[in-house]
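J.: Construct the entire structure; sequences and hints are all you get.
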Amino acid sequence: MLLDVITPDEKLFSGEIESVTVPGINGQFQILNNHAPIVSALTKGRVQIKKSNGEMESFLIDQGFVELLQNEVSLLVHTPKEEAESK
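Going by the UniProt record's numbering, the sequence shown wraps up at 87, each residue one higher than the last.
Hints are computed from structural coordinates only; laboratory data are not their basis. Since this is a predicted model, take the numbers as computed values, not measurements. There could be a bad hint or two in this list.
Below are the DSSO-like pairs computed for lysine-lysine, each with C-alpha atoms no more than 27 angstroms apart in a straight line [as the list claims (entries may be wrong)]:
hint, residue 1, residue 2
1, K51, K81
2, K51, K11
3, K50, K11
4, K44, K81
T.: This is how it looks when you write it as structure tokens:
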């Protein structure tokens, strides 16, 4: 499954993943390979990515949207100012 994480200023991540866990409006949820298509609003919280090689990566977001279609996940997010400046 392919994931792109994009902020208004930069692309934070692009690559093959096993799963991504996101902070949905009604609670945290995980997207796995071959998940049904989805569009959902995201709230403040941590995005956790499990890469194809098993490594984990995570970062905080303030808000955003997730879209999944045909095993391609797009996260359009705003990150906290402090985290964005440290990258």
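J.: Any hints from earlier that this structure breaks? Give me their numbers in increasing order, please.
T.: none
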